[in-house]
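*Asks:* Read off the chains here:
Number of protein chains: 2
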Amino acid sequence: MWTLRVRRVRSCFSCSRGCSSAPADRLELLRSFLQLCVDRYYVSPGETNSDLFQRGLSCSYGPLGTELRRNLLEQWWHSVTRDRGQVFGISTLNISQEQAGLRVVECEHVKQILDQQKSKEELIQEIQLLLQRSPAVRTNLLTGALQQFVPSLELVNRKLPFGLAETGLCFQPSSASGCSAEITQTSLVWFCSPRTSSQWLDHWTRQRLKWWKKFALSPSDFSSSEVPEQELEDAASRGVRILYRFPWGSETLETLWNRGNAELLREHKGARSKLQCRDGQKSVPHVVSISGNMDRGVMAFLSNSLQQLSREEGRQKLQQRKVLKLHPVLAPVKVALNIGRGPTVELRQVCGGLLQEFLEAKIFTWPGYLETVQTSAEQQSAKYDEMGVLFSVLISENTLENGLVQVRSRDTTIRETMHISELRNFLSRYISAAENI
Amino acid sequence: MWTLRVRRVRSCFSCSRGCSSAPADRLELLRSFLQLCVDRYYVSPGETNSDLFQRGLSCSYGPLGTELRRNLLEQWWHSVTRDRGQVFGISTLNISQEQAGLRVVECEHVKQILDQQKSKEELIQEIQLLLQRSPAVRTNLLTGALQQFVPSLELVNRKLPFGLAETGLCFQPSSASGCSAEITQTSLVWFCSPRTSSQWLDHWTRQRLKWWKKFALSPSDFSSSEVPEQELEDAASRGVRILYRFPWGSETLETLWNRGNAELLREHKGARSKLQCRDGQKSVPHVVSISGNMDRGVMAFLSNSLQQLSREEGRQKLQQRKVLKLHPVLAPVKVALNIGRGPTVELRQVCGGLLQEFLEAKIFTWPGYLETVQTSAEQQSAKYDEMGVLFSVLISENTLENGLVQVRSRDTTIRETMHISELRNFLSRYISAAENI
Numbered sequence: 008m009w010t011l012r013v014r015r016v017r018s019c020f021s022c023s024r025g026c027s028s029a030p031a032d033r034l035e036l037l038r039s040f041l042q043l044c045v046d047r048y049y050v051s052p053g054e055t056n057s058d059l060f061q062r063g064l065s066c067s068y069g070p071l072g073t074e075l076r077r078n079l080l081e082q083w084w085h086s087v088t089r090d091r092g093q094v095f096g097i098s099t100l101n102i103s104q105e106q107a108g109l110r111v112v113e114c115e116h117v118k119q120i121l122d123q124q125k126s127k128e129e130l131i132q133e134i135q136l137l138l139q140r141s142p143a144v145r146t147n148l149l150t151g152a153l154q155q156f157v158p159s160l161e162l163v164n165r166k167l168p169f170g171l172a173e174t175g176l177c178f179q180p181s182s183a184s185g186c187s188a189e190i191t192q193t194s195l196v197w198f199c200s201p202r203t204s205s206q207w208l209d210h211w212t213r214q215r216l217k218w219w220k221k222f223a224l225s226p227s228d229f230s231s232s233e234v235p236e237q238e239l240e241d242a243a244s245r246g247v248r249i250l251y252r253f254p255w256g257s258e259t260l261e262t263l264w265n266r267g268n269a270e271l272l273r274e275h276k277g278a279r280s281k282l283q284c285r286d287g288q289k290s291v292p293h294v295v296s297i298s299g300n301m302d303r304g305v306m307a308f309l310s311n312s313l314q315q316l317s318r319e320e321g322r323q324k325l326q327q328r329k330v331l332k333l334h335p336v337l338a339p340v341k342v343a344l345n346i347g348r349g350p351t352v353e354l355r356q357v358c359g360g361l362l363q364e365f366l367e368a369k370i371f372t373w374p375g376y377l378e379t380v381q382t383s384a385e386q387q388s389a390k391y392d393e394m395g396v397l398f399s400v401l402i403s404e405n406t407l408e409n410g411l412v413q414v415r416s417r418d419t420t421i422r423e424t425m426h427i428s429e430l431r432n433f434l435s436r437y438i439s440a441a442e443n444i
Numbered sequence: 008m009w010t011l012r013v014r015r016v017r018s019c020f021s022c023s024r025g026c027s028s029a030p031a032d033r034l035e036l037l038r039s040f041l042q043l044c045v046d047r048y049y050v051s052p053g054e055t056n057s058d059l060f061q062r063g064l065s066c067s068y069g070p071l072g073t074e075l076r077r078n079l080l081e082q083w084w085h086s087v088t089r090d091r092g093q094v095f096g097i098s099t100l101n102i103s104q105e106q107a108g109l110r111v112v113e114c115e116h117v118k119q120i121l122d123q124q125k126s127k128e129e130l131i132q133e134i135q136l137l138l139q140r141s142p143a144v145r146t147n148l149l150t151g152a153l154q155q156f157v158p159s160l161e162l163v164n165r166k167l168p169f170g171l172a173e174t175g176l177c178f179q180p181s182s183a184s185g186c187s188a189e190i191t192q193t194s195l196v197w198f199c200s201p202r203t204s205s206q207w208l209d210h211w212t213r214q215r216l217k218w219w220k221k222f223a224l225s226p227s228d229f230s231s232s233e234v235p236e237q238e239l240e241d242a243a244s245r246g247v248r249i250l251y252r253f254p255w256g257s258e259t260l261e262t263l264w265n266r267g268n269a270e271l272l273r274e275h276k277g278a279r280s281k282l283q284c285r286d287g288q289k290s291v292p293h294v295v296s297i298s299g300n301m302d303r304g305v306m307a308f309l310s311n312s313l314q315q316l317s318r319e320e321g322r323q324k325l326q327q328r329k330v331l332k333l334h335p336v337l338a339p340v341k342v343a344l345n346i347g348r349g350p351t352v353e354l355r356q357v358c359g360g361l362l363q364e365f366l367e368a369k370i371f372t373w374p375g376y377l378e379t380v381q382t383s384a385e386q387q388s389a390k391y392d393e394m395g396v397l398f399s400v401l402i403s404e405n406t407l408e409n410g411l412v413q414v415r416s417r418d419t420t421i422r423e424t425m426h427i428s429e430l431r432n433f434l435s436r437y438i439s440a441a442e443n444i
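Each protein sequence line maps, in turn, to chains A and B.
Numbered by the working numbering, the letters in the first sequence go through residues 8 to 444 in order.
Numbered by the working numbering, the letters in the second sequence go through residues 8 to 444 in order.
Just so you know, nobody snuck in bad clues.
The calculated lysine-lysine pairs, modelled on DSSO-like cross-linking and capped at a C-alpha distance of 27 Å, are: (1) A:LYS166 x A:LYS281; (2) B:LYS390 x B:LYS369; (3) B:LYS329 x B:LYS390; (4) A:LYS220 x A:LYS369; (5) A:LYS329 x A:LYS390; (6) B:LYS281 x A:LYS390; (7) A:LYS166 x B:LYS390; (8) B:LYS127 x A:LYS127; (9) A:LYS369 x B:LYS332; (10) B:LYS221 x A:LYS369; (11) A:LYS118 x B:LYS125; (12) A:LYS118 x B:LYS127; (13) B:LYS369 x A:LYS221; (14) B:LYS125 x A:LYS125.
By construction, these hints were calculated from the structure, which means they are not laboratory data.
Starting from the given sequences, assemble the full structure and let the hints guide the process.
*Replies:* See below:
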């Protein structure tokens, strides 16, 4: 039987509302989720690594996780930079000569200082000097954008509003645990006239929430929430968080702040005339910052798209099926190629040709036909479902005769017969249709 | 006169062979090149920044430089990962618990230690302990790939050859100048059987050189050269450099090493059985590493594509024209939209519609119609040529009547008339045709 009859959704990872599960259950959920991410090449093995991933920090990703994050960043970039031609991409430095925070020092230099036969006072002085000279690593992308405000202002002929977009690595100062971490951040810094900043904050909150929901299987798990007054950052007059409800609790994916212009003024040493815009009042613009954590974004979409289904087979046998129903645009592997019965050498040749064709068309393809371990069709489908592979194609001796292949869909589990020459167009159209919804 | 008659190439930036120019000339060349990069939004202003750029290090990029590097990285990724489905993308951590090199320390922690009333010996001990606990930042992408070898081996069923690709930020230990720097690196680490490693090194050298030349206006400035024996890295038995001949001297863009398996064994503490592959002899694979500096790549393509032409106008007037003839795939701005004579409000509306359409089709568009400073058509073309804008479109009252627009090509300087509805297809086809050559 090719199709899978879903009896009932036993535990849908993406809707935690219904499940008033005990903490132990939730821990088990988390554990099995992490295991799947490791087994299916999203996250590299290792306990420390899983721990980083789970905390919403950068971890070492496997090939599928790498591609998923690439897709996510690409979509983010496309969505913010296409906004009316008023958003410009920038790329600023990670290291700077700032005064505080995390510094990069060379071990050897410190050792040299410590090895010298000097007095305690001289030692302290030399280390302080070394620290001062050492570059700082960035902890956010905001500062870079504020610094780029003046040259960008020329670019837009001093006209508001406009935005500067950037994605990149940021470091996080060590917490109590004493261990620094890194995060892949996205940042849009929006400069607008003071009287419109609150409206822009609302605008961007709507836009960003819409964006997250667009790729979700269960959009209601994404929500926004106003930051309570007592938690506002220094300069900010208002803040909004975009949250994702994981089965084990809500976490922040993105934060929007209405920051006023104090930081902008400080960054440019109060040189108001350089910062003024042509908005009638010659005012110094206000800043709305939108910064996201795309490592946690990866985890949110993985968690959101994981469906666990079960079906009865015979009397006692209860079969479980896990499917990673990632949005077609985000799913790393669009198609897997496999061979069935028939002359292996010829079938592999056909697969090789298809693989080349798909990869040239930028369709990420999984070379399942290179696998030498024998597995049943059922086992293979189960594996691909857990990987979130959109379609799997079976090439068999039939294909050599009449050019027909079998295409199985992840989402419907239905197998269709199709001519081999139609495959590429079918896949391209399917993905771009999903993109434009 | 719309077309520009080129009289002779006075100083072609991309062919330095012919120019036996004096050092002072070369310095002037470099200075004017850097100025153009800053003026045309490739590199952010500031002397320190230009200095970083010039040294082939990461700098703060403007919107066009950001897009150019994005395009370059995208092309690199596509070119290596499509190779027969045997290359997998990975993403490893920047910070690690390695023993040497650059460390990230928190200023506050050091200050706390220095402020304590302790003996010199205790002080030294505490600082050493802090250093030990502090994470190191990576200086290359090789180590991460070697660490990911074992899980990747499972993925390919222990079959050679295969590769792991990654792009990302690396830090460079401070040289004599005492200042650390960052570089955007690309890395392909190729695992193959010992007896084929030298052939693979040749294969990848050919592939990589072909790739660089593909996007060049003057391909002969890119070359490869065997690393002399006395300059070989520790573990390596052979090395090849891919060089670019800048007008002011040759620089390395990419380096390929045949590294043997010593580092792989060291990284996995000599556990041979974990590393062995199914190639008949159960050998530990050899490593061919290919690592590139994409910041220098950006500079190479900018330098390579800059043409300086001059024409005579009347008797004495010698006009100079600089054109950044970046490859259509790399050029950041594919099209600029401008308005001519006619009702401004209506014309801007037409431009706004086109902008939206192009951006949705992922065609980077320059909103020239938003500029309020009046410039002549000549001045505008000159500016776009220096930006490397492929096409500029003029929307005028004519367009409102019959839908016709004027399209000027950067490379031919010819103006064509076209119907507005054909524009998007024309641009998409032009770019993809250039991509598939």
